[in-house]
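Heads up: the protein sequence lines correspond to chains A and B, in order. Quick note: the first sequence, position 88, residue 87 per numbering that gives the first Met the number 0, numbers continuous. Quick note: the second sequence, position 69, residue 68 per numbering that gives the first Met the number 0, numbers continuous.
Please note that the accuracy of each hint is not assured.
[Stated by the list, open to error] Chain B regions said to be covered by chain A (calculated; three or more residues, Cβ under 8 Å):
hint: 1; stretch: 3-12
hint: 2; stretch: 17-30
hint: 3; stretch: 122-129
hint: 4; stretch: 132-142
[Unchecked claim] Only pairs whose alpha carbons sit at most 25 Å apart, straight line, appear in this in silico PhoX-like list of lysine-lysine:
hint: 5; chain 1: B; residue 1: Lys-53; chain 2: B; residue 2: Lys-111
hint: 6; chain 1: B; residue 1: Lys-33; chain 2: A; residue 2: Lys-48
hint: 7; chain 1: B; residue 1: Lys-106; chain 2: A; residue 2: Lys-96
hint: 8; chain 1: A; residue 1: Lys-122; chain 2: B; residue 2: Lys-106
hint: 9; chain 1: B; residue 1: Lys-1; chain 2: B; residue 2: Lys-136
hint: 10; chain 1: B; residue 1: Lys-136; chain 2: B; residue 2: Lys-106
hint: 11; chain 1: A; residue 1: Lys-48; chain 2: B; residue 2: Lys-1
hint: 12; chain 1: B; residue 1: Lys-106; chain 2: B; residue 2: Lys-1
hint: 13; chain 1: A; residue 1: Lys-113; chain 2: B; residue 2: Lys-136
hint: 14; chain 1: A; residue 1: Lys-122; chain 2: A; residue 2: Lys-96
hint: 15; chain 1: B; residue 1: Lys-49; chain 2: B; residue 2: Lys-106
hint: 16; chain 1: B; residue 1: Lys-136; chain 2: A; residue 2: Lys-57
hint: 17; chain 1: B; residue 1: Lys-1; chain 2: B; residue 2: Lys-53
hint: 18; chain 1: B; residue 1: Lys-143; chain 2: B; residue 2: Lys-111
hint: 19; chain 1: A; residue 1: Lys-113; chain 2: B; residue 2: Lys-143
hint: 20; chain 1: A; residue 1: Lys-36; chain 2: B; residue 2: Lys-33
hint: 21; chain 1: B; residue 1: Lys-33; chain 2: B; residue 2: Lys-53
hint: 22; chain 1: A; residue 1: Lys-57; chain 2: A; residue 2: Lys-36
hint: 23; chain 1: B; residue 1: Lys-136; chain 2: A; residue 2: Lys-96
hint: 24; chain 1: B; residue 1: Lys-136; chain 2: A; residue 2: Lys-116
hint: 25; chain 1: B; residue 1: Lys-143; chain 2: A; residue 2: Lys-116
The hints are simulated quantities; they were obtained by calculation from the structure and are not laboratory data. Model, not experiment: these values are computed from the prediction. Positions of the beta carbon are idealized from the N, C-alpha and C atoms, including for glycine.
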Amino acid sequence: MSEEIETRLIVIAPSSEVTPDHVTRFIHGLGLPITVKETCYGAIIEGPKDLVRGALEKVRELDPNRICSKIRGFPMGDTRRCRAHHGSRPGFAQLEKEWETLALIAEGLRCVQKGEKVTEPEKRKVLPVMELKRIIEEVSK
Amino acid sequence: MKIFIDPPNSLILYDLVERFGHEPLSTMAALRDKVTSLEIDSPPLNITYKDVQKGLNYAGIEVPSGIRGRLAIFGPLVDEAEAAIIMEEPPYAFGCVGCHRTTLMLKYLLRKREIPMLQISYPSNEEEAKLMVSQVKEFLEGLK
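So here's chain A without its partners, still in its complex pose:
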């Protein structure tokens, strides 16, 4: 496969009102010669690098802070990964967790864009042993 071919995951944050179906139809509507696949978290797109980047920029305009993307190592439909061919999905737990966190990241991006002041949240302190002992005694009464 040529180096110029790129596969990208487009992931929509759970707080977004944009749906994977909307994203997929939107990319189809662009009329670019790239392959699009709708997924539970958004879409996968594959094609020449510049076209994929162009499509991504346009998709991002739908909801700039809540549509995120990263490249994918394996090509779309690769038998080593594709579920249709019983491929393994070793990165799914990570993708699921990061998808959940995207709502927080979107909030962070909004805050940075507005130039809001960010204060460092208090760090969690270690519970002293005596305090733990007091709690145990209180509960076991």
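Given chain A, work out where chain B should sit, using these hints.
Below, chain B without anything else, positioned relative to chain A:
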């Protein structure tokens, strides 16, 4: 600039680095070359003796093979990096993604290179996310 991200396959860090105008160095790009190469010597994932040798450039022979194997992929990225962002204790760091010893070795390799490095924690609430994004933005804008 080329920014090494840790976890090297993090969606959040990859997206943020690209958003703020830099090039993220990730596992996905390194693996893509390997799995889409026409000369597949050792299917299905094309891991060859050359990778074993590469791993030995970054860790001694007494180090477990899993760590050396990971470093064969991550090590060249560290060499290429001009700056690094490390996300501490991501909750999904288990199984094939979360080898703690590899992360420790990566941090050691990055410190040895003396490149600009940002260490942030995985956000668990809105306040932490705001802090994280602003730290990443400040760091990346400072590199230009």
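Checked hints:
1. 3-12: holds (count 5)
2. 17-30: Coverage by chain A holds here, the residue count being 8 at a Cβ distance below 8 Å.
3. 122-129: holds (count 7)
4. 132-142: It holds: at least three residues are needed, and the stretch 132-142 of chain B offers 3 whose Cβ sits within less than 8 Å of chain A.
5. B:Lys-53 <-> B:Lys-111: holds, 18 Å
6. B:Lys-33 <-> A:Lys-48: holds, 18 Å
7. B:Lys-106 <-> A:Lys-96: Holds: Lys-106 (chain B) and Lys-96 (chain A) sit about 23 Å apart, inside 25 Å.
8. A:Lys-122 <-> B:Lys-106: holds, 23 Å
9. B:Lys-1 <-> B:Lys-136: Status holds; Cα separation ~15 Å.
10. B:Lys-136 <-> B:Lys-106: holds, 21 Å
11. A:Lys-48 <-> B:Lys-1: holds, 18 Å
12. B:Lys-106 <-> B:Lys-1: At roughly 17 Å apart (the allowed maximum being 25 Å), Lys-1 (chain B) and Lys-106 (chain B) satisfy the hint.
13. A:Lys-113 <-> B:Lys-136: Since the Cα atoms of Lys-113 (chain A) and Lys-136 (chain B) sit roughly 13 Å apart, the hinted pair holds (cutoff 25 Å).
14. A:Lys-122 <-> A:Lys-96: holds, 22 Å
15. B:Lys-49 <-> B:Lys-106: holds, 24 Å
16. B:Lys-136 <-> A:Lys-57: Holds: Lys-136 (chain B) and Lys-57 (chain A) sit about 22 Å apart, inside 25 Å.
17. B:Lys-1 <-> B:Lys-53: holds, 21 Å
18. B:Lys-143 <-> B:Lys-111: holds, 22 Å
19. A:Lys-113 <-> B:Lys-143: With Cα atoms ~21 Å apart, Lys-113 (chain A) and Lys-143 (chain B) stay inside 25 Å; holds.
20. A:Lys-36 <-> B:Lys-33: Judged against 25 Å, a Cα distance of about 23 Å means the pair holds.
21. B:Lys-33 <-> B:Lys-53: With a Cα-Cα distance of about 14 Å, the restraint between Lys-33 (chain B) and Lys-53 (chain B) holds, given a limit of 25 Å.
22. A:Lys-57 <-> A:Lys-36: holds, 17 Å
23. B:Lys-136 <-> A:Lys-96: At roughly 22 Å apart (the allowed maximum being 25 Å), Lys-96 (chain A) and Lys-136 (chain B) satisfy the hint.
24. B:Lys-136 <-> A:Lys-116: holds, 13 Å
25. B:Lys-143 <-> A:Lys-116: holds, 23 Å
Of the numbered hints listed earlier, not one is contradicted by the structure.
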